[in-house]
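Engineer: The residues making up each chain are set out below.
2 protein chains.
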Amino acid sequence: MTAEQQLIDAGLRAWKDSVDRIESFFQPLSEEQLEQVVAPGRNRLRYLWGHIASVNDALLPLLGIGSRLHPALDAMFVANADRHSPALLLGSALEQVSGEIHGALWAAFSRWSAQDWLAKHTAVSDEDFRREPHRNRFTVMLNRTTHMAVHYGQAVLARPRTRGVGRG
Amino acid sequence: MTAEQQLIDAGLRAWKDSVDRIESFFQPLSEEQLEQVVAPGRNRLRYLWGHIASVNDALLPLLGIGSRLHPALDAMFVANADRHSPALLLGSALEQVSGEIHGALWAAFSRWSAQDWLAKHTAVSDEDFRREPHRNRFTVMLNRTTHMAVHYGQAVLARPRTRGVGRG
Chain A
40 MTAEQQLIDA GLRAWKDSVD RIESFFQPLS EEQLEQVVAP GRNRLRYLWG
90 HIASVNDALL PLLGIGSRLH PALDAMFVAN ADRHSPALLL GSALEQVSGE
140 IHGALWAAFS RWSAQDWLAK HTAVSDEDFR REPHRNRFTV MLNRTTHMAV
190 HYGQAVLARP RTRGVGRG
Chain B
40 MTAEQQLIDA GLRAWKDSVD RIESFFQPLS EEQLEQVVAP GRNRLRYLWG
90 HIASVNDALL PLLGIGSRLH PALDAMFVAN ADRHSPALLL GSALEQVSGE
140 IHGALWAAFS RWSAQDWLAK HTAVSDEDFR REPHRNRFTV MLNRTTHMAV
190 HYGQAVLARP RTRGVGRG
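Protein chains in written order, with the numbering used here: chain A, 40 to 207; chain B, 40 to 207.
Worth flagging that the hints you see were computed from the coordinates, not collected in a lab.
C-beta atoms are modelled at their ideal positions from N, C-alpha and C, and glycine is treated no differently.
Hints may be right or wrong, so weigh each one.
[Unchecked claim] Over 10 Å on every C-beta distance to chain A, these chain B residues come out as not near it, computed from the model:
| # | residue |
| --- | --- |
| 1 | Asp48 |
| 2 | Ser164 |
| 3 | Asp167 |
| 4 | Phe168 |
[Unchecked claim] Derived SDA-like pairs: lysine to any residue, alpha-carbon spacing no greater than 20 Å straight-line:
| # | chain 1 | residue 1 | chain 2 | residue 2 |
| --- | --- | --- | --- | --- |
| 5 | B | Lys159 | A | Met40 |
| 6 | B | Lys159 | B | Ala97 |
| 7 | A | Lys159 | B | Met40 |
| 8 | A | Lys55 | A | Ala153 |
| 9 | B | Lys55 | B | Glu171 |
| 10 | A | Lys159 | B | Arg52 |
| 11 | B | Lys55 | A | Ala111 |
| 12 | A | Lys55 | A | His186 |
| 13 | A | Lys55 | B | Glu171 |
| 14 | A | Lys55 | B | Gly142 |
| 15 | B | Lys159 | B | Ala146 |
| 16 | B | Lys159 | B | Met40 |
| 17 | A | Lys55 | A | Gln45 |
| 18 | A | Lys55 | B | Asp155 |
| 19 | A | Lys159 | B | Leu51 |
| 20 | B | Lys159 | B | Leu51 |
| 21 | A | Lys55 | B | Arg150 |
| 22 | A | Lys159 | B | Thr41 |
| 23 | A | Lys55 | B | His173 |
| 24 | B | Lys55 | B | Asp155 |
| 25 | B | Lys55 | A | Leu51 |
| 26 | A | Lys159 | B | Leu101 |
| 27 | B | Lys159 | A | Leu51 |
| 28 | A | Lys159 | B | Glu43 |
| 29 | B | Lys55 | B | Ala143 |
| 30 | B | Lys55 | A | Val179 |
| 31 | A | Lys55 | A | Glu171 |
| 32 | A | Lys55 | A | Leu129 |
| 33 | B | Lys159 | A | Val179 |
| 34 | B | Lys159 | A | Arg52 |
| 35 | A | Lys159 | A | Pro67 |
| 36 | A | Lys55 | B | Arg174 |
| 37 | B | Lys55 | A | Glu171 |
| 38 | B | Lys55 | B | Glu70 |
| 39 | B | Lys159 | A | Gln45 |
| 40 | B | Lys159 | A | Glu171 |
Full structure from sequences and hints, please.
Structural biologist: Structure representation (structure tokens):
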């Protein structure tokens, strides 16, 4: 691998690790467990799972891959806060949409060259991109990786503790 | 900038954004606010701040930059869970050690070439590194960036909500 490919590989590993631990965390949960909140008065696990799926679905148009696969998620999990949303989805549906979204993203991510990754995303104009070349796909992908990590950190707070005290 | 430099720049932005939002979140908090837990029975904010500082301090030897600046943090914030630790630090001390650690890391990060970033970290043998070249400094830095994000997501749960419901 060239140095460019190795740097991209490191970013892709961070992305993939984040997606994998999100799916490993949420998939085994029952509908009852998905109703748990991460802290009193905060989001339910069901909402966080859908929120991550929806934010990542929006990467498809933002990175120029294609249209959103599940635009209806936005009203449920992004535009409206938990408990102010229209009907949410069952765990089986969340597992399916999340898998489709992350599969479509990975199909593009895993074949992009350095030039592809450093191309501008679709929400920045040519003019702005000349001034701010960091507004590229690679930066956006890393940003969404930390977004997943933020919510993963919250989700695990709803997990029964196996030790005497929480380690966060 | 070359493609390599742009890819590194994207990674450094993710790191820097994570450090900056950690510091911006914790620095203004009073000693009383630092005693708040992120969820019932979970870590106090004071513990999370020190935990992040300590884990990042350990990057100094791991990435071959130098010795740890504050090895005593480990017993307080990593080896022992919150409330099972020896005396923790006041906010003013945490601000200082965290600033020193992140300053020392940035001094190295901001001058490394692609070759420097793709060099092995110090906890992997030459032999293992030949088989697993992804065990390099860039991968470790991105990994610690998501580590910060995980705990940032938890820390913000202790912040008073400004809207009717929590958005997580």
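Engineer: Among the hints numbered above, which are violated by the structure, and what are their numbers in rising order?
Structural biologist: The structure conflicts with hints 1, 9, 11, 14, 16, 18, 21, 26, 31, 32, 33, 35, 38, 40, although it agrees with all the remaining ones.
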